[in-house]
Every structure is written in structure tokens, then in C-alpha cells.
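Student: Sequence lines, in order, name chains R and B. Numbered according to numbering that gives the first Met the number 0, the first sequence spans residues 0 to 410. Numbered according to numbering that gives the first Met the number 0, the second sequence spans residues 0 to 410.
In case anyone wonders, no lab produced these hints; they're calculated from the structure. Here the structure is a predicted model, which means the values were calculated and not measured. Incorrect hints may appear among the rest.
Copies of the same chain look alike in the list, so a pair counts if it fits in one copy or across any two.
[As the list claims (entries may be wrong)] Calculated pairs, DSBU-like style, for lysine-lysine (alpha carbon to alpha carbon, straight line, at most 35 angstroms):
| # | residue 1 | residue 2 |
| --- | --- | --- |
| 1 | K48 | K134 |
| 2 | K45 | K80 |
| 3 | K134 | K115 |
| 4 | K406 | K115 |
| 5 | K134 | K1 |
| 6 | K48 | K406 |
| 7 | K1 | K390 |
| 8 | K396 | K40 |
| 9 | K45 | K1 |
There are 2 protein chains.
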Amino acid sequence: MKLQELQQLDRDDPLRNYRSLFHLPEGVIYLDGNSLGPAPKEVFQKMEKVLHQEWAEDLIRSWNNAGWWELTDRLGSMVAKLIGADDDEVVVCDTTSVNLHKVLHAALSLKSGRNKVIAEADCFPSDLYVLEGVKSLRPDLEILLEGRDGSSIHEMLDEQVAAVLINHVDYRSGTIRDMENLTRQVQEFGGLTVWDLSHSAGIFPVQLNRCRVDFAVGCTYKYLNGGPGAPAYLYAASRHHTACNQPLSGWFGHARPFDFERHFDPDSGIRRFVCGTQPILSLRALQSGLEIYQDVSLQQVREKSMALTDLFIKLLKNECAAWELEIISPEDASQRGSQVAVSHPQGYAVMQALISRGVIGDFRAPNLMRFGFAPLFLSYQDIHDAVKQLKQILESKEWNQEAFLQKSKVT
Amino acid sequence: MKLQELQQLDRDDPLRNYRSLFHLPEGVIYLDGNSLGPAPKEVFQKMEKVLHQEWAEDLIRSWNNAGWWELTDRLGSMVAKLIGADDDEVVVCDTTSVNLHKVLHAALSLKSGRNKVIAEADCFPSDLYVLEGVKSLRPDLEILLEGRDGSSIHEMLDEQVAAVLINHVDYRSGTIRDMENLTRQVQEFGGLTVWDLSHSAGIFPVQLNRCRVDFAVGCTYKYLNGGPGAPAYLYAASRHHTACNQPLSGWFGHARPFDFERHFDPDSGIRRFVCGTQPILSLRALQSGLEIYQDVSLQQVREKSMALTDLFIKLLKNECAAWELEIISPEDASQRGSQVAVSHPQGYAVMQALISRGVIGDFRAPNLMRFGFAPLFLSYQDIHDAVKQLKQILESKEWNQEAFLQKSKVT
């Protein structure tokens, strides 16, 4: 595909105006929006207001007057729109891992006669760490991993399975799991599903209610552009709210927090999943990221996402076939999230060389370069330019330098 | 005491220069630093750098280059200085309540043959909610409350007690508990202590190591001026690090988080108490609050705190004896934190009237007005002026207006 054709695609792109809402550094092609999204320009003004007016001037009064108290719910309903949930089924608070602890215990509390949880061996490792933590408090629990203890979730299901934890989009390969079918299969055996939406929300329409999902969690600092370490979200289907026990109890989850009662009487709705006082500065920054999404067509996002990743794969094949690259992501766009993983024996060093040229992706051990394609701010020409840089690096073996080979802590 | 004498005290105050480091709104006397501390002026510049440079320009690279990855530990060691702990015994992350869940489970894991936990019936209610949550996962656990199931912790101790949770300073009355003696008593029975330092850290020297405290948690948005909902801290004595199980496991607590292993191998040190990715914007703002404290003499803070609260009580007695005020806090300054609680049958309305005149304190049900005295930014004259306003309100019954009587959500 010629550069001119790509430029025409950019001119015709129905999402083209969103790019100007983000701060994108000069000379950078940012293919890491799936790791830390860029800053919405509006966040600078918002945070100035939050710092100078809400905190510094209005002080404690802002809990009422600036709506701090409701932020967890208000942002929750903004996320709900993106994941096919009702307004009162999503709350924004804490971290993805802490929220996963909550919903796993909540799911187990609803299935007290059952003692198995299934997850994917290749899910995001922190999800496995959370499961180990849950098991440390529930020694009877058996954790079964798809890909280690059985070849598919479907064949591992039985009537002892309380819950199945599934990553909607694989954090490395980008493979999409079938939410509707898997949820139905699990529920046919009387189990509950817990979905991790960290790599799916914001890049295609997620339909939690239509699929009758029980619980979900996800991260807001990737495609949702909420800022570094922005608080996570938690979804619980309303049919489970009152029946489940969420053991990370705290005053923000009390039905009457300002009555200072001794006994914990959880809020009857989604707020029971909040524990302590939330980091307001980080929540307010996240609000800027979510505001951008409120009028976005996720269908258009999905179409552009498939086109961008298809283009990247096609250009890699055309331009970089001479080197030891292997595309790990599904070749069929309908099976793939908005990322493409490519292995190379020196993947770490190649990625460092790319970064030094302003093409920022990330690396996942042992040898995967991971490229994320956030349709709100990337152009077709960006993809063309990124592959051109990659080709030059491979051609010249520019990656083979001490500075690129030496690993730093965070990648 | 005459106003002139107080003004002389202000001129002689060794802490007088700290006031200028904070943004204090015009016309406000802020007696609520124990609820939400004011903004350090430096935070405005810092956050501009964090937003424009670290996030917007440097993006994902800031995890390495701006030290985001180490913030939990770096801020932890800044808190450690204030609470008499070693650098590697404190970490800043999550919320006070979530951290309390962690350390209570950790304490129980170290005392697996024991099934009792003691707390104070009048401790901050969220601490009781946390205990209920812990018990929901440990049905064998017996929770005993001092003031309900026995008259003193000391008499309730036996060899079934795994842990005792104590609020260092009572959130309402300001009464200080004796850390050294209580810890020794608990340990004589082989139990562990968990201290909540939310109302003590930053207003007098806390000596965790000298008192051989096992675990502690605390809040940073009060006297430490970390910003609304700033992340909390967690202390674990180094002797417990490797032996305890902290069940809120997550990738930030892994020994090798970027190796993406399937099995959770916790960090050998304090970092095992971190779970998921932390809210960087809120952490960086907190850093400004902690930086101010790094060269403060906590002994001087304590002396001024006692003088300010003594002055407030004395002026109340001299000026406001005609009305139905009752001082709930200990009259002996050595028994009292940096707050004074005063009951009035219409405490809520009186506080609203005070706030409308710019004297900001807070209210705790059913009838307590709570005044906090943060020595870094309050002057002796502030106390004089605040009591003058209170007297006028009581004298004129100005509080008896619809606008003041009607309760809002957060107080």
C-alpha cells in the first residue's frame, strides 16, 4: 500500500478528530497505548482546577461541593457505557488486582458448596498471583489452569467449579476469548464467570450484560487513558449485589458511612465493593480519559483497530520478511484485540532501538515485542512510518549495541 | 491571655516559617488538618511536572526515568522517619483499610494456633468493618472489643489472642493510647500488635521500633498533607517480613515482577505488601507533603500542638462557659493528640455556622464538633480568632437557621 493511499485513509477516517484531544510528544509514534495511554489535553486544565480550587481553596468542603464522594460511582457509570453494563453495576476504585481479590471472594461466597476455580495458564500473571492469595485463605480451593491441567475450559468444567477467570484479550498475543459462549458454558454447569477486561475495554464493544457475565475487572491506564496507575474498575451484575460477600470491607462500602456505626452493613448496591478512601487526584485525572470516550462509537474504533493491525501485519510481511520476526498474534483480525505481538531472538534490544528512534512499544519476556494500536490517536501513516523504522533497525543491526542489550527494570 | 501575648508567641514560634509553605485560603482558619491537610505550595509545580513532562512527554518511560516504580518504597522511607521505623519497614500504597486487611491477615498467619483478635469498641469504625471482613474469611475467629466484651485490653489478654488492633489516637476524643506498655502487655501473652497511626503520625514522635510494634497502618491525607484520598502507608517489623502470609498478592509484590512467572514468589522485604499498580499522580502529590516533614522537629511539633490545644481549651472555658459545650478530650495535654472534641446538643449546626464564617472544623455523629490543630500552619492568634467566632455564634444563636441545621452527606 502506498503512502498516498494511507494518507487518504487518514483523511477519510471518521475518528480523525480525536487525535487532537491528546498530547502526543514530537517525533514519537506511540504504540504503547495498551500499557500507558497518552495524556488527554483536557487533563492539564482539570488538574489545575482540582489542585488549586478543589483541594487548596475549598479543602474538606470539596467532598460535597466538588462531588469527590460520588466519583467512584460517577466514573463507574462512564465505564459502564463502554462495557455494556448498567450504570449501577460498575464502580471505579483501588487496583485491578485488589478488585480481582474482591470479586473472586464474592463469587466463591455465592457458590459455597464448590471448591474449584479455573483460570488460563497464560493469563496475566498477576491474576494468577491473586488466585494464589485467595487460595491461601481458602485452603480447600483447587485452582485449575487451562493449558496445564486441561486443554480447554469447556472440558475442565464440572459441578465443583465455582468460578472461571478469563482474560478477555490475552495480554501478550492479543487473542480474544469468546465471552458469550464461554460464559454460557460455565453457567450451564452452575458456575460464575469473572472477566479481566484490561485489554478489551475501549477498543471494541464489550457486552457484559448481553453475555450475562457475573463479574469483571479492568484497568483504566491503558486504552482508557486515565493516567499512570489510575484506579481500576469493578463490575458486578446487579443480580449478585446483595447476596455476595465481598470481604474487603471498609467505610466507603458501608450503607451509612457517616453514621459511624460499629457493625458493617454493606451498601445494597455496587458501592459495597469500595473499601477505603480513594485517591481523588488520580480519579479526577481518569475522568478526562473517560470523558473523551463518552461520544465515541466503539464500532468505529473496532473497525479502525482491525484495519491498523491488519496494515501493520501486512507491512511487516512485505517489508521485514528477511529477518527473524514471527507474528504471534492471530492473523485473523476478528480473533485479535488491538495489539500485535512479534517475537525476535533479540526482541528486547530491537525494542530499545525502536524506542530510541521514537517508536515506542513494549517488551514482554522472553522475546516478545508488543505493539498496541490505539485507534483514537494513531494514523495509518504512523503504522507505515513505524514499520519503516523497524526495517532500518533490522537491516542495519542497529539493535546490537550495549545500550540496547542491557535490561532496565521496567520495560 | 491577651491577643498581644499570643502574637508574641507566634513571633517566637520555632515552627513559624512552615506556615508559608502551605496554601491557606484567605479568611479561613483551618482546624480540619486532621481530616484533609492543606496543599503544600510546592505541589502545584510538582504536579505540573508530573503531568506535562512525566506522563505527557515521557509516557511509559517514566516508570524507569522518573522513578515511578520505586515511589512506594521511597515514600515509605520518608514516612518511616516520622514513625520511628527503619527505611525498609514502611511502604506507601493502597488505602488504610486495604492495608489493615493485609496486616491483620499477616498477623493471623504468624499465629496460626490462635483465634482471637482484640480491638477497641470505639476505634475508627472502618477498622471494625475491616475486622468483620477478615472474620468472614476466618469463621473460627473471635473478635473481642474493649469497652464491650471487657473493660481493658490488658484484662482481656490470654494465650488465644493472635493480634490486638489499637488506634494510637482516638479519632473523636484525641486520647492517646500508651504504645510501649500496651505492646509489651500483648507480647507478654505471645500476641502481636497492629497500630493505626492515622491521628498520631506527624503530630508527635511515634516510636514503632523502640516499642517493638509488629504492624501498623496509617493515613497520609490528614496531618501529612498528602492530598485528598492520598495512598496510605503500611509498616511491618522486618522480623516478620519473610514469615508472614499477606494474602492480597499481586504483581507489584512479586520478587521478580517483570519475569512474568506463573507462581507468586513474594518479595522478601516490605514490598510483598504492595498488590497492584499504584496511583502515581496521587503518590507524587503526597511526596510534596512528606518532603516538608523531612527536616521538621517532631518534638517541636508536639510542644506547639500541646500549647495550641491547651490554649483552645482555656479560651473555651473563659469565653464560652455560658453555653452547653462539653469538652470530650482529655484535659491533660500529655494524654491528648492534636485535636479537641467538643459536644453541643446542636453540634452539627454550630459547626456549619462556624464553617460559613471561615472557621473550618468537622463534625462526628451524634453531636461532636472536632477541631484539629496542625502545628505546621496554625498560629496562636488563629486559635484566639476561632474561639471569638464561636462565641459570637453561640451568643447570637446564629446556628439556628435552616441552612445550618440540614445535614449534607459528608461532614
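Student: Against the structure, test the hints numbered earlier, and report the numbers of the ones violated in rising order.
Tutor: 1, 4, 5, 8, 9
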